[in-house]
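*Asks:* These are the residues of each chain, in order.
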Amino acid sequence: MRLRLPRLGLKLWVGGGLTLALLATALLAPWLAPHSPTAQHLFEGLERPGRAHLLGQDRLGRDILSRILHGTRISVYVGVVTVLLAAGIGTLLGALAGYFRGSLDELLMRLVDIFLAFPGILLAIALMGVLGPSLGNVILALVVMGWVGYARLVRGQVLAARQLDYVTAAQALGARPRRVIARHLLPNVLSPVIVEATFGMAGAILAEAGLSFLGLGVQPPTPSWGSMLNEGRHYLLVAPHLTLFPGFAIMLTILGFNFLGDGLHDLLNPRQRR
Amino acid sequence: MRPPLRLGRLARALCLVLLGMGLAACDGARSLPGPSQGVLRIALDSRPTNLDPRFALDANSSRIAQLIFNGLVRYDERSRVAPDLALSWEQPSPTTFIFHLRPGVRFHDGRPLTAEDVVYTYTSLLDPELASPKRGSYRGLQEVTALDSLTVRFTLSAYEAPFLGNLSLGILPRPAPAGDARAREGMRTFPPHADQRQLIGTGPFRFARWVGDDALELRANRDSFEGPPKLAGLLFRVIPEQTVSVLELENGGIDLIQNEVAPDLLPRLRRNPALRVVTGPGTNYSYFGFNFTDPILRRWEVRAAIAHAIDRRSIIRHLLRGLAEPATGLLSPLNWAYDGEVATYPYDPARARALLDAAGFPDPDGAGPAPRFRLHYKTTQNDLRQRIALVLQEELAEIGIELQVRFFEWGTFFADIARGNFQLYTLTWVGVRDPDIYYYTMHSASEPPQGANRGRYRSAPLDLLLERGRAAGTLEERRAIYSEVQRLVAAELPYVSLWYSTNIAVMRTTVQGFRLHPAGDFMSLREVELRAD
Amino acid sequence: MRRYVLRRLALTIPAVLGVMTVVFLTLHLIPGDPVESMLGEMAQAADKAALRRQLGLDAPLHVQYLRYLGRLAQGDLGRSLSTREPVLAAIARTLPATILLTVVSLAVAILLAVPLGILAAARHNTLYDHGSMLLALLGISMPNFWLGPLLIIFFAIELRLLPVSGFGGAAHVVLPALTLGSALAAILTRMTRASVLDVLGSDYLRTARAKGLRELLVLFKHALANALIPLVTVLGLQFGALLSGAIITETIFAWPGIGRLVIQAIQGRDFPLVQGCVLVIALGYVLVNLVVDVLYVWIDPRLRLAAEEESEP
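Residue numbers (our numbering), protein chains in the order written: chain F, 120 to 393; chain H, 109 to 641; chain L, 3 to 315.
With the rest of the complex left out, here is chain F (with noise of 0.2 Å):
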């Protein structure tokens, strides 16, 4: 008997397989790993890939991929955790502007204009600041930058959904705007939302990356793939396995992500799907 995979599309497999692979990397990270993260050896340091340490020891002498594999689970981490809260939020204000229009809809959009025109890197380091680096800061600085995006995304997708005929009809039988937003409205928008979601982990990931070029990412010595390629840029001269490693993880996880995303597109809105 032949085994039968739904039709789901080639992309969704492989997107949802090598997100299923990192998720499950990032539980087992601490069983997979075959050193301590964090433990150094600093006579080894830049030792190159070989049989004791498959991917080779950074400055500090500690393993690489035992850090890789630790990063995992504080790459997925900030990227589930930044974008469940960014597009939380920004679906939420995005319904109501677009549900109530009027005064709110213009504030929100000012507001989102704001957000828009101010450079993220100056809020970052406010943030960072103030409240002092960590990975909680980098989330909430991400979420902050993030969320414009869900916000407008549903609000011009809720504007277009209240034009249809069920929703005037429930609108006329006096349901309320939190029963009509709930039940009719963003069951409507919801999948625009899961789709932009899973590029969004991957935006968030290579966000991470980027403060820590500028220093405010995740803090040493907890191993994330952004601090490790930044830490490994100063060697790419003379030791180039520092980057090389940390930089085929962020590659993959993006390019789950995006099959994954691409793949729920083609399964959401079958009409464009060939």
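One thing to keep in mind: the hints can contain errors.
Said to hold, decoys possible - If you anchor each label on the Cβ, the simulated ranges turn out as follows:
| id | chain 1 | residue 1 | chain 2 | residue 2 | range |
| --- | --- | --- | --- | --- | --- |
| 1 | L | 129 | F | 150 | 37 to 45 Å |
| 2 | L | 160 | H | 386 | 37 to 45 Å |
| 3 | F | 220 | L | 173 | 46 to 54 Å |
| 4 | L | 31 | H | 553 | 39 to 47 Å |
| 5 | H | 640 | L | 132 | 23 to 31 Å |
| 6 | F | 221 | L | 127 | 40 to 48 Å |
| 7 | L | 292 | F | 220 | 50 to 58 Å |
| 8 | L | 30 | F | 150 | 42 to 50 Å |
| 9 | H | 528 | L | 16 | 39 to 47 Å |
| 10 | L | 173 | H | 144 | 43 to 51 Å |
What the hints contain is simulated information worked out from the structure, not anything from laboratory work. All residues carry an ideal CB built from backbone N, CA and C; glycine is no exception.
For this one, chain F is given, so just place chains H and L on it according to the hints.
*Replies:* Showing chains H and L alone in chain F's frame:
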């Protein structure tokens, strides 16, 4: 069916944009001088902020200002005061100095140097409206008078030994009296850095231009009183990324880099036949600072235990590739007042643990994970500092101290340190010259905002010594006093001394005659030559 | 149309004002004292107090804010605290380099993305399609600070084709623009592909095909034109990301632009300089989006009608 689109309009708009881009690209074209014109190209990792000697604070600004300007005196390689524009001086009373200027010195614009220029430089510096960051160092200066065209008198409210060294400040020409209103305005609103009227000195190189925001060109001053430089000019290029400046050097886009090279890159650079690597002892002093308002760190045993827990030799060998020397105090062996016969704290974790036990901080579970106590350690995001911090964290864990490391953006970090908002930190003192720096960093009257005693360290015997050191007249008297200061500080440990950084210069083999200066100055550029490959 | 433009123009004022307020508050909230960084640790407390008074930093926050807005309204951006030159001069010196970099990056992104996207859509589900998409993903998944040095090592050191860093002739802009434009190129490739696919399936294209136009012409004239509309919108939105990316790219390539200026200013707590730079960056973003929106309406007559309706009272 959708209505047709206005493609024509779009195409026209696109063409306009492309045309604009082309124009912008042409406008952006510029050429920088290089070795073929006898110009030496030097990489800097940060932009010199202000070349006016009254404002030059950052290391790069003051190093370049030294090439453009001369002071009345200068520091020699052992940080002793030596004549520069002043040929000689006498001190008729403790609070009066009379300087005799070198005759025949001319500014870059051809005007002769006179006592009036010296008077102008110092009076403008003292004018509160100028808001010079250096004004505080001259608070004892009461009056500057021109006695004749080549003699100038300085009157002090009270004698302070380091005062003489402060007269190394670059001398600017007095603005022409005709344009008085404008000159006064210019003085008040500060020289725009592109305004070369204000950047006229007497030094071996003269300011030529800023190219964009990132390249500074100096031209040789053929009439320098010290003789003409062998180079036609200098080009300083700001390249923030070290990897990139090293690639520029390898590729021949840069001729010289000083000190801004990671030690780990040196083996690679040494193998390159087109490059030469030179190293020499330096004066930059790295240390571990403590906050004395903290009940734990107040205890001498704790500070000594930390000192014994740090394996300086291993850090120097492995992280710094041997490019540092273990330090005994703020003054390096190159300083005239250096005394190395002081208490040292060799790596000895067992002794460190015993000290902590004796101080009443037993380890709750021996070699187990529970610490004796926890300390917060602040440092900057500098790559090397981060790595050193992680090593220190491991080493202190060995003796049962949990170090919580936090890396801060420079502005935030510095504000916290100045406010005393820290337990432990590391920093480096750059440009240590006069031993009076101990007064600024450790006298009880120097707590911020009055000085740099950030740890709020208070020691009555040290205060007394530092005051005597300031008041002392001769070098010999001062040397004896500061020997005692160094011994006292090494014993009491307001700082744990880490190391003096070794100076490194990497240059193309075409560069001849470059000598490293202990403070990392560019003084020897006057004698440098460029040879053809 | 004019009403629409005027209305949009009016809407930029609250946005820019909002940004400036946030900047003002942020700067006064973060640790770090400009007087401290100007005078250094050796200064006397009295001198510091005097300078604080001179700079007006001793006034209550709301007074400082109102004074700041007042100066802003007169077009006075103040002087840099570190170099003491007018903020406007510093911006004028660095802005052209950033404009050049962003515009060329934009061009590089478009020139890479549009053909790739069309190719991917036209040869849907073939090796070309997958290859282009993979390339796009590569572009988006490499952080600039890693991609930049790799490009330098390959093109400037190995091949010796292009200069390593710095600002100069046309050759100098290639690598930074490629670095900065890579992420945008990736996004645009995906967009182009999706919109072309969308249009390829629509009725009017079938009509056009039925009329017997050559396929290639059909693709370029109709599909591309329609695909351009979402593309232009994305461009406007991504312009902000481009400016943020410019800060990192300028640092890597020693590019003397406003991105590096603002980072140095933030580190030195040079309040007037930071405020001036942010104002220019925000204005740039808002204006680009205004132009995009207007262009967008101008290209597409259907939207033009809608816009005119919208701006009726």
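*Asks:* Work down the list of hints and note, for each, if the structure agrees.
*Replies:* Each hint, compared with the structure:
{"no.": "1", "hint": "L/129 <-> F/150: 37 to 45 Å", "verdict": "holds, 39 Å"}
{"no.": "2", "hint": "L/160 <-> H/386: 37 to 45 Å", "verdict": "violated, 28 Å"}
{"no.": "3", "hint": "F/220 <-> L/173: 46 to 54 Å", "verdict": "holds, 52 Å"}
{"no.": "4", "hint": "L/31 <-> H/553: 39 to 47 Å", "verdict": "violated, 32 Å"}
{"no.": "5", "hint": "H/640 <-> L/132: 23 to 31 Å", "verdict": "violated, 54 Å"}
{"no.": "6", "hint": "F/221 <-> L/127: 40 to 48 Å", "verdict": "holds, 46 Å"}
{"no.": "7", "hint": "L/292 <-> F/220: 50 to 58 Å", "verdict": "violated, 22 Å"}
{"no.": "8", "hint": "L/30 <-> F/150: 42 to 50 Å", "verdict": "holds, 49 Å"}
{"no.": "9", "hint": "H/528 <-> L/16: 39 to 47 Å", "verdict": "holds, 42 Å"}
{"no.": "10", "hint": "L/173 <-> H/144: 43 to 51 Å", "verdict": "violated, 18 Å"}
Hints 2, 4, 5, 7 and 10 from the list above are not met by this structure, while the remaining hints are.
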